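Undergrad: First to last, the protein sequences are chains A and B. Counting in this note's numbering, the first sequence runs from -12 upward without gaps. Counting in this note's numbering, the second sequence runs from 520 upward without gaps.
Worth flagging that the hints you see were computed from the coordinates, not collected in a lab. All values derive from a computational prediction rather than experimental measurement. C-beta: ideal position from N, C-alpha, C; glycine also. Watch out, some of these pointers could steer you wrong.
DEER-style ranges, computed between Cβ atoms [as the list claims (entries may be wrong)]:
1) A:GLN67 <-> B:SER571: 41 to 49 Å
2) B:LEU575 <-> A:THR63: 37 to 45 Å
3) A:GLU72 <-> B:SER599: 38 to 46 Å
4) B:SER599 <-> A:LEU53: 28 to 36 Å
5) A:GLY3 <-> B:GLY572: 49 to 57 Å
6) B:GLY560 <-> A:GLN67: 25 to 33 Å
If you want the building blocks of each chain, they are given just below.
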Amino acid sequence: EAGVTQFPSHSVIEKGQTVTLRCDPISGHDNLYWYRRVMGKEIKFLLHFVKESKQDESGMPNNRFLAERTGGTYSTLKVQPAELEDSGVYFCASSQRLAGKNIQYFGAGTRLSVL
Amino acid sequence: AQSVTQPDIHITVSEGASLELRCNYSYGATPYLFWYVQSPGQGLQLLLKYFSGDTLVQGIKGFEAEFKRSQSSFNLRKPSVHWSDAAEYFCAVLMDSNYQLIWGAGTKLIIKP
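When you get a sec, could you build the whole thing from the sequences and use the hints?
TA: Shown next, in the form of structure tokens:
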């Protein structure tokens, strides 16, 4: 069974440009999460999808970030326009269950460098 | 507010020595606790989890962790480390209100030959 996959593994862009990150969850997992780790800080929650619906986007930093999950399968996270402080590692996770024993499985992350 | 504290940013141990990584949490309800590991160039891999029941939980790669409610701790242990254990280790608690994971800052484990 394939795990959570993320593309690209690394992206280097200039300030003001647009970047789109992609996450393919484990097949059959309705729940998909985005997290981010900025250099030197803790991993922080960004948002949570249940199928194609945004369940919780309380962690999204501002309106330059847009997440979508078309058809409840893969998800994209777009940053437009990118700022220097957006640099960090973006992790995607998926889980099968929500309540009770919610186990989130993570991808390898996308390292975003904004210059 | 809910939080997770990993007091050690770096830990260095000799290969073959025992290991204990500390994790303390602040959470009002019964916590669901996790340890994840990130090896160089890899993603976050689940080492072990605690939901309920036996307070000593076994994980992959020979790791175990003990939940101590009285100390609000969930420390990770391994009796004998291997060079391949060099990685960054994260403790996390799941918020059952909104299913977010709250993370500690991570502990980097360095193995001396």
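Undergrad: Next step is simple, just say for each hint if it's right about the structure.
TA: Now for the hints, and whether the structure bears them out:
1. A:GLN67 <-> B:SER571: 41 to 49 Å: holds (43 Å)
2. B:LEU575 <-> A:THR63: 37 to 45 Å: At 41 Å between Cβs, range holds.
3. A:GLU72 <-> B:SER599: 38 to 46 Å: holds (42 Å)
4. B:SER599 <-> A:LEU53: 28 to 36 Å: violated (48 Å)
5. A:GLY3 <-> B:GLY572: 49 to 57 Å: holds (52 Å)
6. B:GLY560 <-> A:GLN67: 25 to 33 Å: Holds - the Cβ-Cβ distance for GLY560 (chain B) and GLN67 (chain A), about 28 Å, lies within 25 to 33 Å.
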